[in-house]
Every structure is written in C-alpha cells, then in structure tokens.
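Number of protein chains: 4
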Amino acid sequence: MIKVGIIGGTGYTGSELLRILAKHEKCEVKCVSSRKEKGKKIHEVHPHLKGFYNIEFVEPEFRIFSECDVVFTAVPHGEAIRYVPELYESGVRVIDLSADYRLSKEKYEEVYGKEHSAYIEAVYGLTEINKDEIRGARLIANPGCYPTGAILSAAPLAKLELIERVVFDSKSGITGAGVAPTEFTHYPNLHESIVPYRITEHRHYYEMEQELRKFQEDVKISFTPQVFPGSRGILTNAHIFLKGDLEGEEIERVYREFYRDCYFIRLQNDIKLSYVRGSNFVDISIHKGKDRVVVVTAIDNLVKGASGQAVQNMNVMFGLDEREGLDFPPLFP
Amino acid sequence: MIKVGIIGGTGYTGSELLRILAKHEKCEVKCVSSRKEKGKKIHEVHPHLKGFYNIEFVEPEFRIFSECDVVFTAVPHGEAIRYVPELYESGVRVIDLSADYRLSKEKYEEVYGKEHSAYIEAVYGLTEINKDEIRGARLIANPGCYPTGAILSAAPLAKLELIERVVFDSKSGITGAGVAPTEFTHYPNLHESIVPYRITEHRHYYEMEQELRKFQEDVKISFTPQVFPGSRGILTNAHIFLKGDLEGEEIERVYREFYRDCYFIRLQNDIKLSYVRGSNFVDISIHKGKDRVVVVTAIDNLVKGASGQAVQNMNVMFGLDEREGLDFPPLFP
Amino acid sequence: MIKVGIIGGTGYTGSELLRILAKHEKCEVKCVSSRKEKGKKIHEVHPHLKGFYNIEFVEPEFRIFSECDVVFTAVPHGEAIRYVPELYESGVRVIDLSADYRLSKEKYEEVYGKEHSAYIEAVYGLTEINKDEIRGARLIANPGCYPTGAILSAAPLAKLELIERVVFDSKSGITGAGVAPTEFTHYPNLHESIVPYRITEHRHYYEMEQELRKFQEDVKISFTPQVFPGSRGILTNAHIFLKGDLEGEEIERVYREFYRDCYFIRLQNDIKLSYVRGSNFVDISIHKGKDRVVVVTAIDNLVKGASGQAVQNMNVMFGLDEREGLDFPPLFP
Amino acid sequence: MIKVGIIGGTGYTGSELLRILAKHEKCEVKCVSSRKEKGKKIHEVHPHLKGFYNIEFVEPEFRIFSECDVVFTAVPHGEAIRYVPELYESGVRVIDLSADYRLSKEKYEEVYGKEHSAYIEAVYGLTEINKDEIRGARLIANPGCYPTGAILSAAPLAKLELIERVVFDSKSGITGAGVAPTEFTHYPNLHESIVPYRITEHRHYYEMEQELRKFQEDVKISFTPQVFPGSRGILTNAHIFLKGDLEGEEIERVYREFYRDCYFIRLQNDIKLSYVRGSNFVDISIHKGKDRVVVVTAIDNLVKGASGQAVQNMNVMFGLDEREGLDFPPLFP
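Residue numbers (this note's numbering), protein chains in the order written: chain G, 1 to 333; chain H, 1 to 333; chain Z, 1 to 333; chain X, 1 to 333.
Because the hints were derived from the structure by calculation, they are not lab data.
Quick caveat: nothing in here was measured; it's all calculated off a predicted structure.
There may be inaccurate statements among the hints.
Intra- or inter-copy, both count: the list cannot distinguish identical chains.
What the hints assert, rightly or not - When the alpha-carbon atoms are kept at most 27 Å apart in a straight line, the in silico DSSO-like pairs for lysine-lysine are as follows:
hint	residue 1	residue 2
1	Lys290	Lys107
2	Lys288	Lys41
3	Lys214	Lys40
4	Lys50	Lys40
5	Lys290	Lys40
6	Lys105	Lys290
7	Lys288	Lys107
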C-alpha cells in the first residue's frame, strides 16, 4: 500500500482527494493536515465523509509527512513553496495542486508577482499529454482547472501546427473559487447570473501558452473565464480558427488518433457538464463550422481539473493502472 | 456472478441502477429493456455512462429476462403488473421499483383507483426495517422515495409507541417527477420557487401509514410534499409531538440503538442534502424543542429513495454484504 | 413630497427600499447612510440602480436625518436602538426594519439576550392586521420576514378561535441571511440542498406567538425555518389542526371575508414563489385535507417580508393610498 | 390612450408584454389572443398577473385586432406571417416579435428554409441603432434576443470600421427556449450544466451579420450560443480583434459617444445579469487586453431582448418618451 499524505485537507481539493482515495485500493491516507482543524476527526469537518476515515487532522509537520511515499500539497499558491522542497529533498514524491511549480521560475515570478524562493523543475501533470515524463517524476505540478480542458481541446490541432488563433471562453462552477466565503461566492451574487472575471488577464493563460507552444510555437491564444450558477464543472468553448481547411471528419480523426489510448477522454456528440460530474472524464465534442472549428470540452473542475488528475498522476508515477480509484461513472443528473 | 435484468432502462431509476451496478463486483447486467430505444447502445441514451456498458436496449420480453437471476422493474406504476407475475412464477427474483406491490391489494385499488389484476404479496423493501423478511424474499416492493426517509425518521419512536402526532413536511429534487418533460419539470416553473403539490393527499402517505402502524397502531400522520430547485435529494422534517416527554439525549439513544447495525444510517449534527448526494446514506439529525422533536432526514431520492435501496435489497436477498456496490462516499459539494 | 431618510443603505433591505422608492411619486429619498461606503454614489455600491439616484452615502448623523419626515432604519437588530429614540423624540416618524421594537421589552430582553436600553412602544406593522393603529403611529416595528407570511396564514382562523395547533414549516431564499458572505450563504453550501436551521428555536417564533395570541389565546404554535436554493421568497406551509371541523368552502369564505379590503392579499389556486417575486403581494392557497388544513403562503421576503411592507406602512401612516409605489406586477419567471 | 392588441398572449414574450403594459400610462391592452386559452381570464393562465387585468383571451381574429392602434405579434416564426399582412394593410401598426420580418426575403427563405408568402419590408427594431426609421415605421421587426446584445456590443467599433474579427460567445437563460416543456427545458437537463447548442449555425447569426455589415462591410463574425442554469438574461462576450490598436480609454470614449443619448445603455465597471434582470437596460463593460478587446453585454432576454424593446419601439413609433412604461429599476438580487 502506498502511504499518502495530504497537506491542506479542508479545502475543496483536499476533501475531493479524500473522497477519491477512500476507495482507492492501492493506497492509504496516513495523514491529513489542517492548522485550523487540528485534532478534529475528518468527518467533523467533512460530514459527507462520515464512515470513511478514522484519522484526525494534524499539523503540516515535515516529521509526519516525510514518512509518506507521496504527499499531495492542496494549498493556495505561494504556500506550497513552504512544504515542497523539504519533502522533495527527502525523497518523498510530491504532487502539488497549487500553481507554484507549473511555470518556469521567470514566468512564475512575473505572473504571480513574487520571488520564487525554492524553485524545482517539475513535470506538468497533464496526464494525457505528458504521461511518459510523469512516469519517472518525483515532483508533479498538477495543472490548473481551466488549462486542463483548454489545452486538451486544442493540443491535437496544435500538434499539426494548424491553428491560426484560438479563443477559449470558459465557464466554471463556483467551487473553483475555494471553500472560503467571499463576495464572489455569496449565493445572491451568482444566482441568475453568469459572471466573467479577469476577463483579459487570468493567470491560467500562461499554462495554456506554455503547453500549447510546445506543439506549435506561433499559436495565438485568447482566454476569458467566468463562473456560472453551479458548484462543479468547467465547460470550455475553444473557438479555433485554422490556418488551412480541414473537413469535420478529418478533424475528428485527428482527435481520435491523438487520444487513442486515453481512457478518460471521451469524444461525445452530446455534451453536458452533468455528464462528467464527479468523474475524471474529459468529454470532447467537435463542431466544424464555415468560419472555424468549435471544440467543446467538459470536465469536473474538482476531479479532472484538480484532485482526480492528481490521483491519476500518482497512479502513473507508481506504475499503477491510471484508472485505479477513478474508474466510476459520473453522477447524472 | 448474479445475472441481472432491468426492465425500464431509460428513466432515472433505470439509469441510476446502471450507474450503480457498473461497479458492483458480484453481479452483471445482462439485459436492459426499452421499447423506444431498442437497438441503441446504453451510452447513446445515457452519454454519462459511455465506457461502462457494451450492450443494447432490448424489448422487455419474458424469454430474455427469464434467464436472469433477478430483475429490477423500473417502470411506472400500473406497468410493473405486466412483467412481475410471469417472472415471479418462473422463479426469477423480482425487485419492483414501482408502486404496484407496496400496499395491500385493497389499499392499492383504493389509492391508485384501478383493479389489481395480478396481486402477489411482496416484502416491503425498507432494508433497515425489514431485513429479515428481505433475506428470504422472492418479490420485493421497493419503497417510495418519500416514505423511505419519513418512515426511518419516525420508526424508532413509533416502536416505543410514543408518538401522538407526526407531520412530515418533505422537499424533493425534481428528478422524482421523472425523465419526461412536463410543466412541472419545466425549468422556469421551478427556478426561484419551491412548489408544494398534492398537499393533503399524496399516495405515498399510505406507505407511511402502513409501515408506521405496524409499530404503533394509533399514530397520527400528516404529509405534505414539495419540490425544491435541485435535481436530487429529499429532505424531510418530521415534526413529532410526543405522548409523554423525553430528554433530547434519551431520544438520541433510542435512535442510536434502533439503527445500531445499519451501515447506511448516519446520525449527524449538521445535515445537508449535498452531504448524501449520489450515495445510499440516510443522514438523520434530531432536534428536541419545547413543543416537539424535529427529526430531519436527508436522502438521495434516486439512490436510497429508489435504485440504491433496490441494490441494497438485492444484496440482502442474495446473502451478500449489503454494502456491495454501494460503499462509496457522497459527492459534495 | 415626503422627505425620506434611510439609515443602512447597503444591505438588502436598504437597497430594496431604494429600488421601490425610486418610483414612488409622493416621496423623495433625501439621505442614505453607510459608514463604510460614505461618499460613494448609490450606484457605485448598487450598480443595478445606476441612473436612478444622484446622491451619496452619508454618515448616519442625527443632524442630517432629523430633517426628514420619515426615516427607515434598515440595520441589524441591536443597532436600531442607537438611532430610533432620538429621531422619535424629535418628531420624525420612524419605521424600523430591525427586530428592536417588535416585542415587549421583557420578551425582547429574554429572546435577544440583552438589555433594551431605550424601549419605546411601537405599532407592529403587519399592515393588513393593524392598519388602524398604523395610521396614527409615530414608530412602526416592521415585522420579521417569516412572521409576515405565517401570521397572515393563520390569523383568519385564529380570530375565530378555531385552531388547536399550527405547525409552520417555512422555506426562505438566502437573501434573508443578509448581504455579508458567510458559510451559510456560500454558494456550494446551499446549492442542491435545502438547509434547516434554528430548527426548534428561531427568534421569529415570538412574533408569531405575540400576534396570533391576540386573536386566540390558547393557540399552539410550532415553527421551523430553512433556506432553499434561491435568492428571494418565503413559502410557508401552515399545517393547521382545527378544534372543530369546517368544510373547505367555509374556510375559503373566512379568508375571503377577513382579507376583503386587502389589495396585496391574493387567494390563489396555484401558488409559486416566482408568482410574487419582486412584488408586495401575499399569495395564499388553502387546502383542506382529512386531518388538517394546509394554508400555503408565498411572499417575497425582501418586499412584503421587509422593505415593501415598510413602504406600505409609510403610505398608511401618511394617509396615502397603501399601493403607492408598490402597485407593479411580480417578475415571473 | 393607444389601443393595444397582443396576438399570442400565453408565451413568455406575451406574458412579459402584459407585465410591462400593465403600468404603461399611455396605452391600454384591449385584446389578447390565445386559441388554446380562449375564454379564460388573463390571471387564470398567468397567476402572477392577478389583479392587473380584467379581460379574457380571445381568438386571434382580424375583426377584433383591426380595432387596435398597434398589435404585437408574439408568436413563433412562420406564424406571424398569418397575421401581419392583413393588419398592416388595414393601417394597424405592427410590432412583430417573431423572426418573420427581420431578414431580407431571400435571406429569410434560405435561413428558415421556407418560402415567405407575404413579405413586407420592415424596420429592424434595434431602437438605439435605428431610432429614426422606427419613428415613421408601420411595421417593426423586433430583433432576436441574441442579436440585441451582440450588435450593440460591436456597433460602435464597426461604425469606425475597426474590427478584424469578432467572436460572440453568448449565454442565455432558458426562457429563450419558450414556454413549452421540452428535453432542453427539463430541469435536470440544465441543472449543474451549461449547454451549448447550434454551436456554429444559429439563425440569429444572420441578424448580426445584416446589421453589423451596414456599419462595416468586411467584418468577420462568429457566434456560439448556450443556455445557463437560470431563467432570464443573456450575457454576451464579444471577443473583438481590432485592425489597428486603440487604448482602452479611447475605446470607452467611442462607446460613450455612440450611446450618448441612449437612456437604456449603461456603461458599467461591474457587470452581472442580475443587475439588469426584469429591466430594459443594456449593461456594457469594456475590457482592453493585449490581444483583443472584450466587450461584455448583459440584457434581460425577455425585456430588452424581446418585449421591453418592443414597447420601447412602440413608444418611439407613437412619439412618446421611449422610457414610458419601462423606467423602473432592475430586480437585484
């Protein structure tokens, strides 16, 4: 059994790791940290998990977590830096769900506006794209929720260097904003609305740029996020303007080929966030119009967009079947 | 492997059986019927299940379903009568999710306003209450969604004959109204509303009466259902007026004792439909006031209120662990 | 033109007063206070009101507000006490939307757990019940949101002393919890849920008791509130157990007679929160069952349950038509 | 008083006309048609309007409606053709809310796939753009809901011929799909989802093309609609790629100038559908990024996107203040 630690167990990505790992047959959660809830049982903070864990929240101490085989850091960006290097040095594998290791040092410092005091090169954990590097990795930078769907929707065409311009227009459930109540997450502020934010300058843009340019250097990318009235899910419309022209069927073939061995990618005619809810699937549907191709992707932001992909990465790192603990159907409706 | 058939695979209870049974390790779904979708693959009708089944919908023919060990009839009331007797006679075990076998013949005919042409005595499949009878049963009448939570919330006190009067005020997600679009399920008719219906005369009342009177003959019951803006879940407030007086702690002890060996019953301080969503759990919280006890129950109407309990009943019938296929955490948030 | 002041202009009841008074033809809003937003234009805090006001938030100073003919205090309970007495003494009429003047001094101190340093006897501003006293009043205690619907649903039968027991089971939109983000108002905590709270001991109970006992001294009252996933509205089921028996038609006649001259009371067959949304109407529907009468009321908690009723009270106080500024249709759907 | 008729009074645009016109002081609704509900009072079909009308639904007979000064045809496309020509010939002014007169005859026949048996040239009723033509018009083609926000968001830059390419990504409330229950409007199919449809080929595209090309012939337009979980509102992101470069401030100035005399256009920093709900306002916010300008518009699809704009057009046609009957604040939250 793989011994697992979770630093940051009270946020949504932490609780989602707990939900998924509760039924993972090859690993066991040994320790979960929370400064604030230290000493409480898991289900006292997460009543939905009552019956699944019998451990208490602990302080995020190196002494405790260094006994694990792998540690998930599910903390805000800027905070992972405090835990990752020491664990990494001691040989513990780390899967960081924050933004701290996703970009180059320079880009990180520019985008997040602070010095990166403890940079380590990590593998960008978009499993379907980087599976080979993940296999041998000791530190995974788990992708942002928006980049996951966005990159997967454009990568097959970018690989063929066919994209003139892509506009990603994304709609996320509000859990992406975290577990702490704010004006943004206040019910009446979202109800009967759909709220765009950081309309031309969201930080996740730089992950899209970084990964898609590996395929096609001159790709032009635009990105606008918004939240819709719902808890989970990110739907992304990739409006792709092609350099040349391809038939709809050719494009489908390109995607089918690119994702041939990818269990969690499903090409669908009919797409709906509730068709992937609670699951690690990425549903993709392709629509060829006269002016452009629209590739629509649907993911659960807390699963494939965060904790599910983190577990998938753990599986790959440890040579397990990537589906382990993740092979259950979505919850519809 | 238990060979399973599902008659009625396109409605919500049918699709929920498919979701749950996809990961049940002791049985295999052999045939699923739909007159309308006959010949289509499961995922063509249920895109969320893509990747989990490789069979096609078939006609609900006796020839096909009589080869199963157990058949779930997930059809509207009045229709189950067409399938149940023949299967039952041939020795196939049947779990009927409709209302056709829940009441006595006389009561059924009075309440549902039609003659029951093919009555068989069934075991009322409220697993926590009737586990012993379920074990040997050949026909299970799976309980209605409202009665499941309501009966479980009052049974411990009824067993002690302590109830003067109980008022059940229930709020259900709209999936209880079925998969076919109607004025009732039309989005703008439910949005920003909470809609009471059959306010003093819902048919599920008679199941509550039937089961609670087995415990306490003179119990007075009132029931009002309503739908709230959400897909899944039933929250029931049982306003219980007691004959004598009990301390809050005594009442908690009564419930704890009554549900001692019941894995799916969880006594909770904090109750929320989203804490049980997608799962077979029944969360119960007890509130002792000056005038009455309010026992609040939360279930997922499609799981414990229908298909999950049906699988739990199958497990008990076949001598399996009742948790088989059902032992996964709820999806919060 | 009546000169109006609003103390507390940033909360939901304050902004709703501003929405309604924007089109009131017999009064003008002269000053609106907010310590926090002092100096900002109204629409900088309430973007939906852009174009309707050209004034700035001010400090809640006596000097300013004492120039008004009437002041609405739309602040949390405990805070109104700081403004009401001085204004009252100076001859300004006051309509207090907080709980500070709704109960007797003794009851207030018991229920709200603090000494009432500046008690004045006010008229309880349930317009349909106390119109005559409101006419001459100088201080109105505007009713709580839950009591408004609850009292109106039981008053006609209480007046005839026919009620044995009434159980109020109420469902409110989340705006009742105020404008400040909390765990309670955090979107994912309400989504796909319906959340009961203060299940046997909500403070609004005492308003119901106080007002209904004026009609029938021995009435037994129970009350449980909950929030549903929506912004506005309170639906209350009054489960009324009668002393004797009345036919459904007789009961309807009692209500029709009792509310004969009440423009804002509508007896409806079909009831839905969205049929009253944004309006000052109280929709009532009556359902006679074998065991009890269920009287269902629907109001908009921010209008008839707060600011709309406050304006209605102002109209009555100043001898205007009670409909002035309030006579517009609800927003459905 | 202007005598108003409404052909098609049971759909959402019909009921919204009734809501708005109930308080319009310069006109009176004389007749409202519904074949199906003929003989019923208005509030028997629209309970929210109880107290506002005392007329009955009638057959849509020429004899009746030809006595009106203006008739609104609020029927599905293809059906308006049956009423408009005869009324038009007889001198009644007509405001058609269907799609039947929005495009040229040729375009209509191509896009809607049927012959137009009774074509008349109408004025495209986007009030802010075509006010002068509307003034003298006898037939108004009221714009589609999506084109209203989309065209208004790009027109100021198109007029300067500055647009290289614009991608409209729109999100609509479900009332846009009409009052009849369908799979699309079935609550569980929209809940926790956001559903794109007609992703590259929606008919409203042609209105955008027609109107924007009047300003700039070579503008490249792409359009994708989707529905979000809510009743009302359309939010449109116009991702505009400019030919040259403009500063953010210059762009704001362009918009401010273009909409100088337009009461219902509000430039906002903070944009939210609930800030315009129930009102005729168009909120616009402008975001200049490195790669493009994103102009976000928010409207209520049933008001500015349909019935409100229709009333605004009536006001202009009859020489009234365009705000008559429409000058009330939005309902937030």
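- Message: At most 27 Å between alpha carbons: which applies to Lys50 and Lys40, within, between, both or neither?
- Response: within (13 Å within a copy, 40 Å between copies)
- Message: When Cα atoms must be at most 27 Å apart, do Lys290 and Lys40 count as within-copy, between-copy, both, or neither?
- Response: Result: close neither inside a copy nor across copies, 58 Å intra and 31 Å inter.
- Give the relationship of Lys290 and Lys107 under a CA distance limit of 27 Å: within one copy only, between copies only, both, or neither. Close across copies (17 Å), not inside one copy (37 Å); limit 27 Å.
- 27 Å Cα threshold - placement of Lys290 relative to Lys105: between (41 Å within a copy, 23 Å between copies)
- Task: Please work out whether the CA atoms of Lys288 and Lys41 approach to 27 Å or closer within one copy, between two copies, in both situations, or in neither?
- Result: Between copies only: 25 Å across chains, 52 Å inside a chain, cut-off 27 Å.
- Tell me, please, which holds for Lys214 and Lys40 at an alpha-carbon limit of 27 Å: within, between, both or neither? Classified as neither; 45 Å inside a copy, 41 Å across copies.
- Indicate which option fits the pair Lys288, Lys107 if close means a Cα-Cα distance not exceeding 27 Å: within, between, both or neither. between (35 Å within a copy, 22 Å between copies)
When held up to the earlier numbered hints, the structure conflicts with 3, 5 and fits the remainder.
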